[in-house]
Amino acid sequence: MSPDINPLVLFFASIFTSNILLANFLGMCSFISISKDMKSSNGLGLAVTVVLVLTSMLNWVILKYILIPLDLLYLRYIIFIIVIAATVQVLEMVIDRVSPALYMALGIFLPLITVNCAILGVALFMQIRNYSFIQTVFFAAGSGLGWWLAILALSAIQKKLLKAPVPAGLKGPGITLITIGFMAMAFIGFSGMLSVQ
Amino acid sequence: MNFLIAPIAVGVIAAVLGAVIGIVDRIVNNYGDVEIDINGKKTLTVKGGDKLLSSLAAEGIFIPSACGGRGSCGACKCKVESDVGPHLPTEIPYLTKEEIDDNVRLACQVKVKENIQIRIPDELFNVKKFDTKVKSIKDVTHDIKEVVFDLQGEEIDFKAGRYVQIVVPPYGKIRGSTQRAYSMSSKPSEKGIVELLIRLVPGGIATTWVHNYLSEGDEVELIGPFGDFEKRETDATMVCVAGGSGMAPFKSILFDMYEKGELDREVWYFFGARTTKDLFYLEEIKKLDSKWENFHFVPALSEPQEGAGWDGETGLITDVLDRYIKEKMRVDRDKEGYLCGSPGMIAACNNVMTANGIPLEKIYYDKFA
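Chains as they are written, first to last, in the working numbering: chain Y, 676 to 872; chain H, 29 to 397.
Check the hints yourself; a few may be wrong.
Claimed, not checked - The calculated DSBU-like cross-link candidates involving lysine-lysine, where the alpha carbons are at most 35 Å apart (straight line), are:
1) H/141 to Y/711
2) Y/714 to H/141
3) Y/714 to H/288
4) Y/711 to H/288
5) H/105 to Y/834
6) Y/711 to H/79
7) H/105 to Y/711
8) H/354 to Y/714
9) Y/714 to H/105
10) H/75 to Y/714
11) H/70 to H/219
12) H/354 to H/288
13) Y/714 to H/219
14) Y/834 to H/139
Just so you know, these hints were derived from the structure itself, not from any lab. Just so it is clear, the structure is predicted and the values come from calculations on it, not from any experiment.
Construct all of the structure, not just a fragment, from the sequences and the given hints.
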């Protein structure tokens with residue numbers, strides 16, 4: 676049975692109280708490497724959100740109508756990954772055709788997203804927590820927006836950090852990780868207000 | 029039969045997704061016929077949706093590309109005059125700021141979606157793909173082979189100093205086909221053949237193939253001629269420095285000059301090697317030296333062995349070069365530098381030459397090495 680949570684609550688909870696990045700620390704690699712530049716962060720955030728919503732819907736359908744009835748739950752990792760990779764591929768081609776401008780902004784990030792663990796993480800959470808379809812969509816959208824918010828916030832902080840006297844040994848990923856730690860602590864302030872399960 | 033369910037499920041899901049990708053690719057990537065306008069002189073009609081590099085190659089126009097279109101060499105630069113969107117992050121590392129402002133793109137990254145106008149050096153119209161047969165393979169030193177390719181009736185038209193790209197097919201553990209550039213050592217007058225000098229580089233894809241897999245009679249594709257390395261038409265003294273298989277373009281240039289009777293120009297040719305067993309073509313070039321008054325051949329060994337009977341120059345080629353420029357060459361003449369060898373040798377010779385008053389823009393070399 677699906678948990679009794681209003682999808683809207685789930686939506687806000689996944690943005691703030693259990694932010695996929697700052698609470699679960701998923702999707703870190705692209706988060707750290709891309710967050711230096713505001714424009715790219717924006718593009719990546721948008722791409723993650725779109726892919727998250729699309730793939731979680733597809734994965735939910737496959738989970739519900741193929742994997743569970745056939746008792747193949749142990750295959751979920753490989754199936755989810757295949758679905759994510761194929762979706763990204765199709766999306767890349769479609770965007771390239773439909774909106775070259777958007778492709779220029781997103782294009783190079785799309786292949787990166789195939790291996791973004793936040794995407795797989797959301798698919799697995801929706802299975803573990805037994806979300807219904809509507810809940811899954813809202814959870815995925817919220818997680819994507821949360822990830823987007825986090826990377827935008829980090830890139831803004833990184834911009835400030837450029838002028839800060841960071842000790843030599845901490846420059847680059849070092850200070851970024853510490854910054855993310857502080858951000859995660861700040862987001863803990865939201866916890867308890869809403870719940871995801 | 030339960031054990032079959034899992035593989036069938038994975039297979040079916042993968043197949044369905046694969047089919048979707050295929051169908052979307054068919055529909056979405058179909059741009060119809062588009063026109064590529066080259067230098068305003070030639071118009072090609074190609075199927076849209078492919079990369080510029082491969083679209084041009086399919087029509088017989090070959091932009092130099094050492095990596096075969098994987099965006100890892102940055103050689104396939106060409107100027108795109110119509111708007112094809114901003115530079116991609118995959119192109120930027122290979123382009124200078126001036127090139128980016130000038131709309132220079134990497135042909136292997138730009139997709140042809142609509143009619144576009146491009147500008148390429150006129151010379152590239154001359155570039156052809158040759159289906160050749162290996163005529164002979166000869167060991168000239170312990171690690172350099174002289175390979176002669178027979179163009180099977182076709183003719184190659186080039187200036188001495190140019191290079192060709194050899195298409196290395198998949199072999200052994202190497203899966204994909206690759207291309208590598210080698211300077212031609214044959215003379216422009218030998219139109220029916222191409223001669224290359226190929227040194228074995230441990231672990232090198234093309235050199236290993238040539239040294240261990242290629243044999244006489246094999247069919248090999250060559251694309252060329254490319255490059256801008258050539259004798260400049262001035263009356264400055266030519267100071268040529270080569271190491272190892274860097275002999276190739278100079279062999280072509282020097283014998284071409286001699287053949288054409290351009291004997292008034294003063295030419296110095298320094299050839300650096302480690303030991304006597306790294307020397308080759310010594311007799312041929314010494315003979316040229318004795319017949320041609322203004323030509324001076326200076327082979328130098330950096331590690332001559334005792335008892336090898338070496339009576340030529342010894343020491344690093346850069347030291348020998350420095351000494352000769354200072355002591356033997358006429359000071360009242362302008363000088364031009366011509367280099368071919370390892371990147372380290374080129375950098376070191378650049379330093380010696382500029383320190384001796386040869387301006388950097390008068391030192392010429394190929395950058396593909």
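Which of the numbered hints are not met once you compare them with the structure shown?
3, 4, 8 and 13
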